[in-house]
Amino acid sequence: MEFTIRQIAVMLGGDVKGDDGSKINMLAKIQDAKPGQIAFLSNPKYEHFIYETKASAVIVKRGFAPKKEIVSSLILVDDPYSSFTVLLEEYHKLISFQKAGVEEPCFIGSDCTLGKAIYRGAFSYIGNNVTIGDNVKIYPHTFVGDNVVIGSNTILHPNVKLYGGTRVGNNCVIHSGAVLGSDGFGFAPQDDGTYKTIPQLGNVILEDNVTIGANTVIDCATLTGDSTVIHSGVKLDNLIQIAHNVEIGKNTVIAAQTGISGSTKVGENCVLAGQVGIAGHLVIANKTSVGAQAGISKSVKEEGQRLLGYPVLDVKEYFKSYAVFKQLPDLSARLKQLEDRVAKVNHEAK
Amino acid sequence: MEFTIRQIAVMLGGDVKGDDGSKINMLAKIQDAKPGQIAFLSNPKYEHFIYETKASAVIVKRGFAPKKEIVSSLILVDDPYSSFTVLLEEYHKLISFQKAGVEEPCFIGSDCTLGKAIYRGAFSYIGNNVTIGDNVKIYPHTFVGDNVVIGSNTILHPNVKLYGGTRVGNNCVIHSGAVLGSDGFGFAPQDDGTYKTIPQLGNVILEDNVTIGANTVIDCATLTGDSTVIHSGVKLDNLIQIAHNVEIGKNTVIAAQTGISGSTKVGENCVLAGQVGIAGHLVIANKTSVGAQAGISKSVKEEGQRLLGYPVLDVKEYFKSYAVFKQLPDLSARLKQLEDRVAKVNHEAK
Amino acid sequence: MEFTIRQIAVMLGGDVKGDDGSKINMLAKIQDAKPGQIAFLSNPKYEHFIYETKASAVIVKRGFAPKKEIVSSLILVDDPYSSFTVLLEEYHKLISFQKAGVEEPCFIGSDCTLGKAIYRGAFSYIGNNVTIGDNVKIYPHTFVGDNVVIGSNTILHPNVKLYGGTRVGNNCVIHSGAVLGSDGFGFAPQDDGTYKTIPQLGNVILEDNVTIGANTVIDCATLTGDSTVIHSGVKLDNLIQIAHNVEIGKNTVIAAQTGISGSTKVGENCVLAGQVGIAGHLVIANKTSVGAQAGISKSVKEEGQRLLGYPVLDVKEYFKSYAVFKQLPDLSARLKQLEDRVAKVNHEAK
Numbered sequence: 001m002e003f004t005i006r007q008i009a010v011m012l013g014g015d016v017k018g019d020d021g022s023k024i025n026m027l028a029k030i031q032d033a034k035p036g037q038i039a040f041l042s043n044p045k046y047e048h049f050i051y052e053t054k055a056s057a058v059i060v061k062r063g064f065a066p067k068k069e070i071v072s073s074l075i076l077v078d079d080p081y082s083s084f085t086v087l088l089e090e091y092h093k094l095i096s097f098q099k100a101g102v103e104e105p106c107f108i109g110s111d112c113t114l115g116k117a118i119y120r121g122a123f124s125y126i127g128n129n130v131t132i133g134d135n136v137k138i139y140p141h142t143f144v145g146d147n148v149v150i151g152s153n154t155i156l157h158p159n160v161k162l163y164g165g166t167r168v169g170n171n172c173v174i175h176s177g178a179v180l181g182s183d184g185f186g187f188a189p190q191d192d193g194t195y196k197t198i199p200q201l202g203n204v205i206l207e208d209n210v211t212i213g214a215n216t217v218i219d220c221a222t223l224t225g226d227s228t229v230i231h232s233g234v235k236l237d238n239l240i241q242i243a244h245n246v247e248i249g250k251n252t253v254i255a256a257q258t259g260i261s262g263s264t265k266v267g268e269n270c271v272l273a274g275q276v277g278i279a280g281h282l283v284i285a286n287k288t289s290v291g292a293q294a295g296i297s298k299s300v301k302e303e304g305q306r307l308l309g310y311p312v313l314d315v316k317e318y319f320k321s322y323a324v325f326k327q328l329p330d331l332s333a334r335l336k337q338l339e340d341r342v343a344k345v346n347h348e349a350k
Numbered sequence: 001m002e003f004t005i006r007q008i009a010v011m012l013g014g015d016v017k018g019d020d021g022s023k024i025n026m027l028a029k030i031q032d033a034k035p036g037q038i039a040f041l042s043n044p045k046y047e048h049f050i051y052e053t054k055a056s057a058v059i060v061k062r063g064f065a066p067k068k069e070i071v072s073s074l075i076l077v078d079d080p081y082s083s084f085t086v087l088l089e090e091y092h093k094l095i096s097f098q099k100a101g102v103e104e105p106c107f108i109g110s111d112c113t114l115g116k117a118i119y120r121g122a123f124s125y126i127g128n129n130v131t132i133g134d135n136v137k138i139y140p141h142t143f144v145g146d147n148v149v150i151g152s153n154t155i156l157h158p159n160v161k162l163y164g165g166t167r168v169g170n171n172c173v174i175h176s177g178a179v180l181g182s183d184g185f186g187f188a189p190q191d192d193g194t195y196k197t198i199p200q201l202g203n204v205i206l207e208d209n210v211t212i213g214a215n216t217v218i219d220c221a222t223l224t225g226d227s228t229v230i231h232s233g234v235k236l237d238n239l240i241q242i243a244h245n246v247e248i249g250k251n252t253v254i255a256a257q258t259g260i261s262g263s264t265k266v267g268e269n270c271v272l273a274g275q276v277g278i279a280g281h282l283v284i285a286n287k288t289s290v291g292a293q294a295g296i297s298k299s300v301k302e303e304g305q306r307l308l309g310y311p312v313l314d315v316k317e318y319f320k321s322y323a324v325f326k327q328l329p330d331l332s333a334r335l336k337q338l339e340d341r342v343a344k345v346n347h348e349a350k
Numbered sequence: 001m002e003f004t005i006r007q008i009a010v011m012l013g014g015d016v017k018g019d020d021g022s023k024i025n026m027l028a029k030i031q032d033a034k035p036g037q038i039a040f041l042s043n044p045k046y047e048h049f050i051y052e053t054k055a056s057a058v059i060v061k062r063g064f065a066p067k068k069e070i071v072s073s074l075i076l077v078d079d080p081y082s083s084f085t086v087l088l089e090e091y092h093k094l095i096s097f098q099k100a101g102v103e104e105p106c107f108i109g110s111d112c113t114l115g116k117a118i119y120r121g122a123f124s125y126i127g128n129n130v131t132i133g134d135n136v137k138i139y140p141h142t143f144v145g146d147n148v149v150i151g152s153n154t155i156l157h158p159n160v161k162l163y164g165g166t167r168v169g170n171n172c173v174i175h176s177g178a179v180l181g182s183d184g185f186g187f188a189p190q191d192d193g194t195y196k197t198i199p200q201l202g203n204v205i206l207e208d209n210v211t212i213g214a215n216t217v218i219d220c221a222t223l224t225g226d227s228t229v230i231h232s233g234v235k236l237d238n239l240i241q242i243a244h245n246v247e248i249g250k251n252t253v254i255a256a257q258t259g260i261s262g263s264t265k266v267g268e269n270c271v272l273a274g275q276v277g278i279a280g281h282l283v284i285a286n287k288t289s290v291g292a293q294a295g296i297s298k299s300v301k302e303e304g305q306r307l308l309g310y311p312v313l314d315v316k317e318y319f320k321s322y323a324v325f326k327q328l329p330d331l332s333a334r335l336k337q338l339e340d341r342v343a344k345v346n347h348e349a350k
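Protein chains in written order, with our numbering: chain A, 1 to 350; chain B, 1 to 350; chain C, 1 to 350.
In isolation and in its complexed conformation, chain A is listed as follows (with noise of 0.2 Å):
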C-alpha cells in the first residue's frame, strides 16, 4: 500500500487539513504511528495522543479542532472508526494471500461441480460429488468430504475438515483445525454396562457469512435429513463445542471455549462469553446474554436478559449474592454471636 493522504481523503470521502501529499504505507495506533502512518482518533479520551503521534496522517471526526500544535495532517469524516476499518479492509485485500489456482500435488475425486477462480493449495483433498462455488478458496492440507456444497467467496484455511454432506454457504471464513460434521456424542448404554453407538447420519449447514474459528467443532445432527444448523451471519471464535442437532440464530456471537450441548437452540443475535456453557435440549431465547464461565441448566424464556453464574441468575443479582459470599464467614460468625446473645438473653429472661 502506497497512497498520498489526498488520495485516502478521496477514498473516504473526507476532507484534508494540512498537507495532503505526503505518501502513506501502513496503518498503526495513534500511540505508536510513525511517519509515513496513518492512524485515527475517535474516543475523545485519547485526545491527548494527537498531540504526541509521528503518524503522517489522522483521521478525525468533522469538527475537531485540535487544542495544540499537532505534525499530523488530519482527514476530517464522519464516523473515524468506521473509516479506518474501510482502510483496513483495503489494505488486507492487498496484503492477502492472492495464490489462485491449483497448487500440485491435490487431490480430487470424480464427479465435483467446480466454480471459477477457485485455488485449490497443495494436499488439499476434495471427495467426490461435492460442488464448489467462485472465489473459494481451499488451502493447503483442507479435507472437503463426498457431497459436500460450498457457496461463493467462502475461505477454508489450511487444515479445515468437512465430513461427507457438509453444506457451508457464501462468503464464510473457517479457520484452521475446525472439523464439521464429525459424529454427533450419541451411545445407549447397555445392560452389561458397555455403549453403542448410535450412528449418526445428518449433517451440518452452515448458512452465509458465518465465521468458524480455528479448531473449533461442529458435529453432525443425528438422522438422515437432520441438520445442526449455524444460521446466517453467526460468529463463532476458536476451540468451541457444538454438539449433534444443536441450531444457533442468526447473528449470535460466541466466544472461545464456549460449549452447547445437543439438541439445544440458541436464539438470534444473543451474545456467549468464553467458557460458557449449555446443556442440552434447551431453547435460548434471542437477544441473551450470557457472562463467561455461566452454565446453563434450563431453557431461557424471556430476551434480552443478561445471565452469569451456575446455573444462571441475573447478572446483576449474581454478583450482589457473590458480594454476600465474599464475607460468609463473617456472617456466619456474627450469627453465630448472635444466636449465644440471644440464648443468654433468653436464659436471663427465664
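Where hints are given, some of them may not hold.
A pair holds if it fits inside one copy or across any two, identical chains being indistinguishable in the list.
Stated by the list, open to error - Below are the DSS-like pairs computed for lysine-lysine, each with C-alpha atoms no more than 30 Å apart in a straight line:
1) Lys-54 with Lys-287
2) Lys-265 with Lys-196
3) Lys-116 with Lys-99
4) Lys-61 with Lys-116
5) Lys-29 with Lys-196
6) Lys-67 with Lys-45
7) Lys-298 with Lys-17
8) Lys-298 with Lys-287
9) Lys-301 with Lys-265
10) Lys-301 with Lys-61
By construction, these hints were calculated from the structure, which means they are not laboratory data.
Please read all numbers here as calculations on a predicted model, not as lab measurements.
Keeping the supplied structure of chain A fixed, place chains B and C upon it in accordance with the hints.
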C-alpha cells in the same frame, strides 16, 4: 437404501399391520417423516404424532393399538427404539464411505505390517515399523508415527495424529484433529525462574471399542514403559484434555471440553459431563457421576456418588446451598436487622 | 541405550556403592523397575520402595544409608531427581525421531532461506519468503505460511499451522494441531444486527524456548505492526486459547484449556491452572498464581497473589467462604429460628 416394509419387518423380527409392500428409502423422526420414510414410536408421550405423521411405516411396541385413524403401516416389535437403531446401523453401513485401497500420493515408511482391506487416503502418512490390522480405514491427512500398533476395524478420520509408539485397539473410532501421544506437560522449575523440560518417553494405549472425539488430546506418559491408558469401551467427546499418565476405566463416558490432570485414575462406568475439571494424582471411584463445569480437587472414594460444584459437593447439597446463595443479600439484610433488634432488646433489658 | 552402572555414574558425577559392571538399558519408576533398569529415590517418603525394588541401580542422595538389605547398586549424587532427569534427556536424544532430510512429496514456495540439517516431512507445506534456522524439524502435514521466520533447533510436530507472518524463536516446540496466527475475534456490530469483520492484520511472535501444546490456538494481533507476543520460556499446555494482542510474560506456565481474552497482558513467572478464564484488556501482575477454573474480570495489581473463584478472591478466603457455602441451608434455618425466637422475646417484652 430401498426396502419394502415387509423386508424391514423380517429384518427386525416384527409383524406388519397394514400395507407391507410399499418401499421405504429413508429414516426420519415421526414428527417430520414423509411418505417413503419410516419412523418409530417409543415414548407414549409422543403418541399424538402417530395420528399426524405422513410416514409410510412406524415401528411400534407389540400391543400398541391406535386410538384414531392412521395413514402409516405399523411394524410391531418388542423394543421400537432398539429396532430403529438396528435400521440406523444398516443404513449407516450402506451410506458409509466405502472407498478402499490406496489413494495416491500417500506415504509409508519401512518395516510395516499391514492387514487386509486397509484404506489409506491421499496424503496419509505412516512411519516405520507400524503394524495395522484388517479393515482399518486411514483417512486423508492422518499421521501414524513410528512403532504404532493399530487393531482391526478401527477408523482414523481425516487428520488424526498418532505420535510414535501409540497403541490403538480393535473397533476404535478416532475423529478429526484428535492428537494421541503429544508430550505430557512436565517442566522442572529452575533457580533462575526458567523451566527445564522433562522428557516425555511413555506412550498412549487405547484398548478396544474406544471412541475419541474431534480435536481431543491425550498426552503420553512420562517414563519409558509407562502409558496413559484409555480402557475398553470408553467414549470421549470432542475437545477433551487427558494429561500424562492418566487412566480412564472401562465404559466411562466423558462429555466435551472436560480436562483430566496428570496421573489421575478415573474409575469404570463413570459419567463426566461437559467442562468438568479434575486435578492431578487423584483416584475417582467407579460409577461416579459429575455434573457440568464441576471441579474435583480430592479423590472420590465412595462409588456411585453424584457430584457438582467447585470443589464438588453432593449434587443435592450443592443445589440446596445454591438456593440459599441466591437469597444471600436478603439473608444478610435480615441478619443485620436481627442484630439491631437484639442490640435494642439488650439495651432495653439493661 | 545400554551403559554400565559405572558409565552412568561418571556421566552424573556420582559414586557407586555395589556392583558397577552390570548393564542398564531402561529407566523406570522405583516401584516398577526390573533388573537391567535404573530408578531414583528422592523423596524419603518412598524409601520403603528401595527395599523391594528389582532395579539394577538406584540413584540416591549422598549420605543415604540403607536400613535393610537391598539388591540394587546405588549411585550417590547431590540431587537424585536432577540426575535422573539428565538420564531421561540422554535417553530421549537416543530414541528421538532421527529422521532428517526431505521426504517427498513436500511443498516449498519461492524465495525461502533454509538453514542446515532441516527435516521436512512428507506433505509439509512451506510458503514464499520463509526463513528457517538450523536443525529445525518440520513434521508431516505442517503448514508454514508466507513470510514466516523460524529460529534454530525448533520442532514443529505433525500438523502445526503457522499463518503467514508468524515469527517463532529458537528451541521452541510446537505440538500437533496448534494454530498460530488465526484471525482475532473482532467484529463491529451494525445497525441491522449483523456484524462486520474487522480485518486482522498483525501477527504472532514466539520468543525462544517456548513450548506450545497440542490443539492450542494463538490469534494474530489486529493491526499491522502489532503482535500477540509469547515471551521466552513460556510453557502453554494443550487446548489453550490466546486471543489477539495478548502478551504472556516470560517463564509463565499455563495449564490446559485456559483462555485469555483480547489485549490482556499476563506478567512473568505466573502459574495459571487448567480451565482458567481471563477477561480482555487486563494486566496480571508477575508471579500471580491462579487456581483451576477461576475467572478473572479485573486487573491483578499486586504481585505474588494466589487466586481462586469467579470472580477471583484470595485462595484462602475463597475456601473460607466456600466452607460456609456448604452450610448455607443450615445457616438459613438457624437465622429463621433466631428471628422467630427474637420475635417471641420482643412480643413477651411488650
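Consistency of the hints with the structure:
Taking the shortest Cα distances, Lys-54 and Lys-287 never come within 30 Å of each other, neither inside one copy (42 Å) nor across copies (36 Å). Taking the closest pair of Cα atoms, Lys-265 and Lys-196 come within 30 Å of each other both inside a single copy (26 Å) and across two copies (24 Å). For the homomeric pair Lys-116 and Lys-99, the shortest alpha-carbon distances inside one copy (14 Å) and between copies (28 Å) are both at most 30 Å. Taking identical chains as interchangeable, the C-alpha atoms of Lys-61 and Lys-116 are never at most 30 Å apart, the minima being 42 Å within one chain and 54 Å between chains.
Taking the shortest alpha-carbon separations for Lys-29 and Lys-196, only the inter-copy value of 20 Å comes in at or below 30 Å, while the best intra-copy value is 56 Å. In this homomeric assembly, Lys-67 and Lys-45 come within 30 Å of each other (Cα to Cα) only inside a single copy, at 14 Å, whereas the closest approach across copies is 72 Å. In this assembly of identical chains, Lys-298 and Lys-17 lie within 30 Å of each other by CA distance neither inside one copy nor across copies; the values are 57 Å within and 40 Å between. Taking the shortest Cα distances, Lys-298 and Lys-287 sit within 30 Å of each other both inside one copy (16 Å) and across copies (25 Å).
Within a single copy, Lys-301 and Lys-265 get their C-alpha atoms as close as 12 Å, which meets the 30 Å cut-off; across copies the closest is 38 Å, which misses it. Taking the shortest alpha-carbon separations for Lys-301 and Lys-61, neither the intra-copy value of 41 Å nor the inter-copy value of 35 Å comes in at or below 30 Å.
In summary, the numbered hints that this structure violates are 1, 4, 7, 10.
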